[in-house]
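Assemble the whole structure, with the sequences as input and the hints as a guide.
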Amino acid sequence: MSSRILLSGLVGLGAGTGLTYLLLNKRSPGQIVESPFPVTEKPNGKVQPHSFNINPAGFFKYGFPGPIHDLQNREEFISCYNRQTQNPYWVLEHITPESLAARNADRKNSFFREDEIIPERFRGKLKDYFRSGYDRGHQAPAADAKFSQQAMDDTFYLSNMCPQVGAGFNRDYWAHLEYFCRGLTKKYQSVRIVTGPLYLPKKDPVENKFKVSYEVIGNPPSIAVPTHFFKLIVAEAPANNPTREDIAVAAFVLPNEPISNETKLTDFEVPLEALERSTGLEFLQNVPSLKKKALCEEVNCQIVVRDFSNAAIKQSNNVKLLPPPKKS
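Sequential numbering of the sequence shown, starting at 1, is according to our numbering.
Heads up, some of the hints might be wrong.
What the hints assert, rightly or not - SDA-like mimics (lysine to any residue), calculated; alpha carbons at most 20 Å apart, straight line:
#	residue 1	residue 2
1	K292	E282
2	K202	H228
3	K146	N73
4	K125	N82
What the hints assert, rightly or not - Listed next, with one range per pair, are the computed distances between beta-carbon atoms:
#	residue 1	residue 2	range
5	I78	F111	19 to 27 Å
6	I78	L126	37 to 45 Å
7	E215	I68	18 to 26 Å
8	E215	R121	17 to 25 Å
9	R83	F130	16 to 24 Å
10	I68	F130	25 to 33 Å
11	Q302	Q84	29 to 37 Å
12	G63	E116	20 to 28 Å
13	P271	A101	32 to 40 Å
14	S289	P49	24 to 32 Å
What the hints contain is simulated information worked out from the structure, not anything from laboratory work. From a predicted model like this one, the values you see are computed outputs, not experimental measurements. Just so it is clear, CB atoms sit at the ideal spot from N, CA and C, and this is done for glycine as well.
So, in structure tokens, the structure goes:
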């Protein structure tokens with residue numbers, strides 16, 4: 001799907017090239033409050049008592065079915081994990097000139113590992129990626145976490161990974177985008193980044209209908225392969241005006257496939273509202289529209305091509321794998 005078609009699809013459903021929006025439930029179970037008597041709900045939304053002996057909430061005494069989102073607060077990032085796709089919903093980072101300048105970690109000392117905090121049946125396994133044809137694609141990059149060995153180690157949890165196409169994407173254009181984000185700290189004192197997977201529809205040429213289709217890896221198949229990835233960038237406190245309250249914002253959606261380095265980064269820029277519709281998530285809802293500036297009007301939004309591919313392959317060969325956790 002071309003960048004122009006993708007952008008058109010993100011902007012409007014009415015144009016016929018719209019997205020099938022994901023139903024990502026953001027609500028947490030919260031506190032369960034039992035009703036002292038059976039209740040019913042009127043059309044106006046008000047709950048009223050009735051005489052029938054029914055109580056759907058009584059099921060909760062056996063346990064709350066979910067959805068359950070595993071929220072992890074790591075040193076360098078916060079992530080929200082989707083147990084169904086075994087990928088994160090999103091990963092949130094904060095980078096600064098000082099955090100990137102620190103050199104207190106070595107990638108050679110980090111290990112890919114399963115995330116034992118997530119129940120075994122819902123977490124990604126090392127074996128799932130073995131000979132899958134996909135890279136273990138960091139959502140929070142290891143290169144953003146050099147200020148602490150623990151912070152870098154955290155980025156190697158499989159809960160921070162998604163299956164990504166290697167050559168032409170994870171080791172190339174995607175890596176250039178990550179480098180672009182780090183470069184923003186030369187102009188801004190604070191850069192916040194939200195990264196995550198997308199599962200977008202594609203038009204079936206036979207039925208002429210939009211359908212969502214994606215590969216699933218593992219044995220049994222358990223880890224969804226995203227069709228696209230997004231990055232939302234929020235740049236704060238320009239170095240030449242650190243007290244400015246306005247934020248500079250840009251959102252990008254890239255297909256999980258080889259991308260030519262000649263492709264302009266701005267070809268993948270999408271409106272924030274379109275990203276929200278396609279993810280089912282809300283971003284920056286507490287910020288007035290007038291305080292959201294267009295990042296790509298303040299800086300030149302383009303990638304700088306660097307040869308990450310050979311280094312990535314070498315590092316991948318050097319990075320060891322921790323054995324799977326022993327079952328208790």
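Structure-based check of each hint:
1. K292 - E282: Answer holds: K292 to E282 is near 15 Å, not above 20 Å.
2. K202 - H228: 11 Å, holds
3. K146 - N73: At roughly 17 Å apart (the allowed maximum being 20 Å), N73 and K146 satisfy the hint.
4. K125 - N82: The hint holds at about 15 Å.
5. I78 - F111: 19 to 27 Å: 21 Å, holds
6. I78 - L126: 37 to 45 Å: 24 Å, violated
7. E215 - I68: 18 to 26 Å: 25 Å, holds
8. E215 - R121: 17 to 25 Å: Given about 21 Å between the Cβ atoms, the range holds.
9. R83 - F130: 16 to 24 Å: 21 Å, holds
10. I68 - F130: 25 to 33 Å: 27 Å, holds
11. Q302 - Q84: 29 to 37 Å: Hint holds: Cβ distance 36 Å, inside 29 to 37 Å.
12. G63 - E116: 20 to 28 Å: Given range 20 to 28 Å: holds, Cβ gap about 22 Å.
13. P271 - A101: 32 to 40 Å: 34 Å, holds
14. S289 - P49: 24 to 32 Å: 44 Å, violated
The structure shown violates the earlier hints numbered 6, 14.
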